[in-house]
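**Q** Listed here are the chains, written in short residue letters.
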Amino acid sequence: DTAVSQTPKYLVTQMGNDKSIKCEQNLGHDTMYWYKQDSKKFLKIMFSYNNKELIINETVPNRFSPKSPDKAHLNLHINSLELGDSAVYFCASSPTGTSTDTQYFGPGTRLTVL
Amino acid sequence: DQQVKQNSPSLSVQEGRISILNCDYTNSMFDYFLWYKKYPAEGPTFLISISSIKDKNEDGRFTVFLNKSAKHLSLHIVPSQPGDSAVYFCAARGAQKLVFGQGTRLTINP
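Top to bottom, those sequences are chains A and B. For what it's worth, this note's numbering labels the leading residue of the first sequence as 1, then goes sequentially. For what it's worth, this note's numbering labels the leading residue of the second sequence as 1, then goes sequentially.
Certain hints may be false.
[Unchecked claim] Straight-line C-alpha distance at most 20 Å; calculated DMTMM-like pairs for lysine to aspartate or glutamate:
#, chain 1, residue 1, chain 2, residue 2
1, B, Lys-97, A, Asp-38
2, A, Lys-41, A, Glu-24
3, B, Lys-97, A, Glu-82
4, B, Lys-68, B, Glu-15
5, B, Lys-54, A, Asp-70
6, A, Lys-44, B, Glu-42
7, A, Lys-71, A, Asp-18
8, B, Lys-56, A, Asp-101
9, A, Lys-41, B, Asp-24
10, A, Lys-36, B, Glu-42
11, A, Lys-44, B, Asp-55
12, A, Lys-40, B, Asp-31
13, A, Lys-9, A, Glu-58
14, B, Lys-97, A, Asp-30
15, B, Lys-97, A, Glu-58
16, A, Lys-40, A, Asp-101
17, A, Lys-40, B, Asp-24
[Stated by the list, open to error] Covered stretches of chain B (in silico footprint by chain A; criterion: 3 or more residues with CB under 8 Å from a CB of chain A, positions within the stretch not fixed):
#, stretch
18, 29-42
19, 65-74
20, 78-84
[Unchecked claim] Away from chain B, derived, C-beta distances all over 12 Å, residues of chain A:
#, residue
21, Ala-3
22, Gly-28
23, Thr-31
24, Lys-41
25, Arg-63
26, Ser-68
27, Asn-79
28, Val-88
29, Ser-94
30, Gly-108
Hints in this document: simulated from the structure, not taken from any laboratory. We put the beta carbon where it would ideally sit given N, CA and C, even for glycine.
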């Protein structure tokens, strides 16, 4: 059983399009995250949700909108895609979101914007 | 303004020898440090962690050392095995979020 799953695994789209990436965790965790791995390979936090409530919202363009229908799901919707959005996006979850929590990552979604 | 840096993009080690991966950070408010391991086409998986109140934590073949005065941590793997070949990320926690380095690709040669 996959603990943290993401769909799709690969996404190729044109500039200006709107796309969504879905994330689901079956670990019963309260906190979920979205990370972006940029071209320099740094993994950077974008958002975190705890029990469907937004906790962390880094300096991310408002074209990116996370949506958490329930605590097992955190989807990422991106409007008006730009070339610079090309990256690998990782979803993660952790039990409570406290400082010593281990985060469990999904396999990543490679987004390519043409 | 990367607060966590791994200055070696790659490292190659002979099987059975010690692998040492290094990480430097700039923010003295970080209170918890972690190492994650990543295989191709998979997400990072947690390996080992250390609190800022400690200077060493050991788990089997893996030991993490923390030097707070130098703002430096290292991961030692001994003996290195072929299955250890992966990208290793160090991460530091502050303000309820993890800050990751850019990773070091470790290759274990038979």
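**Q** Give a verdict on every hint.
**A** Checked hints:
{"no.": "1", "hint": "Lys-97/B <-> Asp-38/A", "in the structure": "holds, 18 Å"}
{"no.": "2", "hint": "Lys-41/A <-> Glu-24/A", "in the structure": "violated, 24 Å"}
{"no.": "3", "hint": "Lys-97/B <-> Glu-82/A", "in the structure": "violated, 26 Å"}
{"no.": "4", "hint": "Lys-68/B <-> Glu-15/B", "in the structure": "violated, 30 Å"}
{"no.": "5", "hint": "Lys-54/B <-> Asp-70/A", "in the structure": "violated, 37 Å"}
{"no.": "6", "hint": "Lys-44/A <-> Glu-42/B", "in the structure": "holds, 17 Å"}
{"no.": "7", "hint": "Lys-71/A <-> Asp-18/A", "in the structure": "violated, 24 Å"}
{"no.": "8", "hint": "Lys-56/B <-> Asp-101/A", "in the structure": "holds, 19 Å"}
{"no.": "9", "hint": "Lys-41/A <-> Asp-24/B", "in the structure": "holds, 16 Å"}
{"no.": "10", "hint": "Lys-36/A <-> Glu-42/B", "in the structure": "holds, 14 Å"}
{"no.": "11", "hint": "Lys-44/A <-> Asp-55/B", "in the structure": "violated, 26 Å"}
{"no.": "12", "hint": "Lys-40/A <-> Asp-31/B", "in the structure": "violated, 25 Å"}
{"no.": "13", "hint": "Lys-9/A <-> Glu-58/A", "in the structure": "violated, 24 Å"}
{"no.": "14", "hint": "Lys-97/B <-> Asp-30/A", "in the structure": "holds, 15 Å"}
{"no.": "15", "hint": "Lys-97/B <-> Glu-58/A", "in the structure": "holds, 10 Å"}
{"no.": "16", "hint": "Lys-40/A <-> Asp-101/A", "in the structure": "violated, 26 Å"}
{"no.": "17", "hint": "Lys-40/A <-> Asp-24/B", "in the structure": "holds, 17 Å"}
{"no.": "18", "hint": "29-42", "in the structure": "holds (count 6)"}
{"no.": "19", "hint": "65-74", "in the structure": "violated (count 0)"}
{"no.": "20", "hint": "78-84", "in the structure": "violated (count 0)"}
{"no.": "21", "hint": "Ala-3", "in the structure": "violated, 10 Å"}
{"no.": "22", "hint": "Gly-28", "in the structure": "holds, 17 Å"}
{"no.": "23", "hint": "Thr-31", "in the structure": "violated, 9 Å"}
{"no.": "24", "hint": "Lys-41", "in the structure": "violated, 4 Å"}
{"no.": "25", "hint": "Arg-63", "in the structure": "holds, 21 Å"}
{"no.": "26", "hint": "Ser-68", "in the structure": "holds, 17 Å"}
{"no.": "27", "hint": "Asn-79", "in the structure": "holds, 24 Å"}
{"no.": "28", "hint": "Val-88", "in the structure": "violated, 10 Å"}
{"no.": "29", "hint": "Ser-94", "in the structure": "violated, 10 Å"}
{"no.": "30", "hint": "Gly-108", "in the structure": "violated, 6 Å"}
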